[in-house]
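Q: Listed here are the chains, written in short residue letters.
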Amino acid sequence: METRVNMRLFVVWLILVAITVAYLGIDRAANDHGVATASTAVTVAAICLALIKVRIIMREFMEVRGAPQALCRLTDFCVVLMGVAMLGVYLAGRAVA
Amino acid sequence: MTTTQEPLVVVKEQGTKHVPGQPDMWVFVFFESLVFTAYFCVYLYSRTQHERAFLHGQSQLLAWLGVLDTVVLLTSSWSMARCVQHARAGRYAPARRDAFLTAGLGFVFLVLKIVEWARLIHLGHTFTSSEFFQYYFFLTAIHCVHLLIGFVVLGVLVWKLSDSQEIVETCATYWHTVDFFWVLIFALLYVVR
Amino acid sequence: MMRPAILDDPKRELWLAWYATVGFYSLYTVVFFIITRTQPPGKPWYDPSQVVGWFAGRHDGLLIGFALIFVLGGLSATSLALITYSIRRMSVSRAFAYSYLILYAVAAVPGFLFICIAMTVGAMRPERSPALLQWLYDLGFLSFSGTMGVFLIGSLIWMTAILLDKNRVFPKWFGYLNLCNALTEVVVAPSWIFHEGALAWNGAIAWWINVVVFGLYTGAFIYLLRSMILREDFGTGPLPGLDSKVWRTIVPAEATV
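Protein chains in written order, with our numbering: chain P, 1 to 97; chain E, 1001 to 1193; chain V, 2001 to 2257.
Pulled out of the complex, with its shape left as it was, chain P reads as follows (with noise of 0.2 Å):
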């Protein structure tokens, strides 16, 4: 049980540096021949993972897997709205400029 436990979060471990690491490719990506170009796309997947990776720190590291109902949707709630609220801030930004 408790090797099984413990194997569970080096693989959520794992997820989460892959997603890190990932993140060198977008930037790399995001980079037009080098120069850098603002891009919704790369925001866009930049903060989209990123509240990929926060909900998994969440539900497997923080134990909200195992907590009430209550918890888990609140905890689903904070998600989204930090996702919308960067988002729709970042969109409602660049149709303002």
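By construction, these hints were calculated from the structure, which means they are not laboratory data. Errors might be hidden in some of the hints.
Stated by the list, open to error - Straight-line alpha carbon distances no greater than 20 Å define the calculated SDA-like cross-link-like pairs of lysine to any residue that follow:
hint	chain 1	residue 1	chain 2	residue 2
1	V	2166	E	1164
2	E	1017	P	76
3	V	2166	V	2234
4	E	1160	V	2164
5	V	2166	V	2078
Let chain P serve as the given structure and place chains E and V on it in line with the hints.
A: Leaving out everything else, chains E and V in the frame of chain P:
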């Protein structure tokens, strides 16, 4: 505890759902997440209004260093989660080791941050040199303040390790929060365009 | 249990202090936001001629509003006294209560009174030189926003007291909320450096977000002080359980620690 009302803490039988740590700490997590989200929104809006300046500032950052920072903190969260599991099973020595490992990784993060700040300042980028760096130093500094508080919290965790699993979980919850704030800050400062 | 507390002899003074606290914060809000319009703060980047215009546009409001504060501002003492009382009721050392009292009483001078004095002086003689008016303007706003350090330490003291307290005077989440409040006070520090932007004394981060957090924090402690008075049994042990059924399920778990 009978369930005539809907309790947040249910301890019926082994393996049933329970709130990790004090529910109070989750109030903090939620509230502080909203505050940080507000900061991120201010940053993102400013970014859209001064695209070129922000892109120029951002190009001075080293993405791989940001990735390294993130991996260090993620690993500290991993050791923190293991610590909680060990403590729950009564294995206090491994739990203590994991707690110290967490603190050690937190310290590595701090050193990396200071090195990065020193490098940027050496290149002429300071808190007041440009809007991008105003936000960069602000977000990384306020995150570091949270990290420093995290060391105090880890101290409390080690102190209460064999006394109260609830305090251990509460402290762990705080530490993971510091980690996931960095996950967001990294994406916003280093990758977002 | 709800009791007709006003008639309850031992608690009469506590209720008086609590209503005075509500009165003070209401007065504060009305004076600063509506009468004097010093909040939201004026812009830090104003040149002297713009500052003259700022004072001119608020001449009567500044004089009347801050006159009210000079007369009634002492009500702030009741808020401080009640909070100090709550900390004394805790199981922690009385040093926490006294430190909090001293810190906040001292902080009230630069953090609250300076702006009233500076702006009243500025409004009193509109014919003063614009440079002098700008000096008063800067003094008022910087002292109001920039002296948060003292409040920060006070919040941390209250937080520590709550987290160590075994008498359950306040729920632990309020202890953590003190930390949130303290951290937003850290965030105001850069307002000494920036004349514009999110970290200036009127900035999105240093003022707007701060005010929201402070407002929620103040609302929370006014509510919790009321709850404390309702539960007060004038003993030295744990206060009887908090009313909310949510907390009732948690209190037994804490009691076993």
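Q: If a hint holds in the structure, say so; if it doesn't, say that too.
A: Hint by hint, here is what the structure shows:
Distance restraint check for residue 2166(V) and residue 1164(E): the Cα-Cα separation of roughly 15 Å lies within the 20 Å cut-off, and the hinted pair is therefore satisfied. With a C-alpha separation of about 17 Å, the suggested pair residue 1017(E) and residue 76(P) falls inside the 20 Å cut-off, and the hint holds. Distance restraint check for residue 2166(V) and residue 2234(V): the Cα-Cα separation of roughly 15 Å lies within the 20 Å cut-off, and the hinted pair is therefore satisfied. A threshold of 20 Å between alpha carbons decides the hint, and for residue 1160(E) with residue 2164(V) the separation of about 13 Å falls inside it, so the pair holds.
About 25 Å separates the Cα atoms of residue 2166(V) and residue 2078(V), which puts this hinted pair outside 20 Å; it is violated.
When the structure is compared with the earlier hints, a violation turns up for hint 5 alone.
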